[in-house]
Amino acid sequence: LTLAIIAGFQVVVGGAVFVIPLDLVVECINLSSHQVHNNVVTLRDEPLPFIPLRELFDLPQRESARKSLVIVQYGPLRAGLLVDNLLGECQAVIKPLGKLFSKVKGLSGSTILGDGRVALILDVPHLIAHTGRMEQADVRRTESRMSAAND
Numbered sequence: 032l033t034l035a036i037i038a039g040f041q042v043v044v045g046g047a048v049f050v051i052p053l054d055l056v057v058e059c060i061n062l063s064s065h066q067v068h069n070n071v072v073t074l075r076d077e078p079l080p081f082i083p084l085r086e087l088f089d090l091p092q093r094e095s096a097r098k099s100l101v102i103v104q105y106g107p108l109r110a111g112l113l114v115d116n117l118l119g120e121c122q123a124v125i126k127p128l129g130k131l132f133s134k135v136k137g138l139s140g141s142t143i144l145g146d147g148r149v150a151l152i153l154d155v156p157h158l159i160a161h162t163g164r165m166e167q168a169d170v171r172r173t174e175s176r177m178s179a180a181n182d
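Numbered by the working numbering, the letters in the sequence shown go through residues 32 to 182 in order.
FYI, nobody ran anything at the bench for these hints, they're computed from the structure.
In this text, all values refer to a predicted model and were calculated from it rather than measured experimentally.
Among these hints, one or two may not hold up.
Stated by the list, open to error - Beta-carbon label-pair distances, calculated as ranges: (1) A38 x P127: 30 to 40 Å; (2) P107 x K134: 21 to 31 Å; (3) R97 x S133: 32 to 42 Å; (4) Y105 x N61: 17 to 27 Å; (5) G145 x N69: 30 to 40 Å; (6) K136 x G46: 19 to 29 Å; (7) P127 x D54: 17 to 27 Å; (8) P156 x E58: 38 to 48 Å; (9) K126 x Q66: 30 to 40 Å; (10) R75 x G145: 27 to 37 Å; (11) R75 x P127: 32 to 42 Å; (12) S133 x S63: 30 to 40 Å.
Beta carbons: idealized from backbone N, C-alpha and C, even for Gly.
Using the sequences and the accompanying hints, generate a full structural model.
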């Protein structure tokens with residue numbers, strides 16, 4: 032029996048708990064709702080595409096004036112994952128996804144939390160690639176707005 036254990040970072044989205052591999056987390060920031068638009072946020076004068084995980088996984092909306100953005104990096108690519116709450120670091124034993132979730136893009140496995148709940152482990156490389164493809168137009172629009180504002 033072989034077990035794979037990862038250091039993870041737990042987040043909550045729409046009442047569901049997800050685990051992000053900790054070695055891919057760069058930083059976490061809090062955003063107000065007015066900073067979140069067009070799936071791009073300006074961070075240190077640079078546009079950063081992000082994925083609202085609630086929309087991606089079709090989870091119920093929890094209205095909040097504040098959201099958190101987990102900035103992840105895989106190789107040279109960087110993106111944000113918009114979540115409802117940050118729970119912090121954890122150790123996660125990776126379990127394979129069952130047939131029900133095996134075709135869901137953006138998930139790499141699952142784990143059982145200390146309280147018995149199941150958390151899904153995010154496939155960050157897939158999510159970053161998805162963000163890069165889907166948000167390039169938004170990044171270009173934001174960059175052109177920034178350059179127009181500076182002119």
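- Message: Checking each numbered hint in turn, tell me which of them this model violates, lowest number first.
- Response: Failing hints, ascending: 1, 8.
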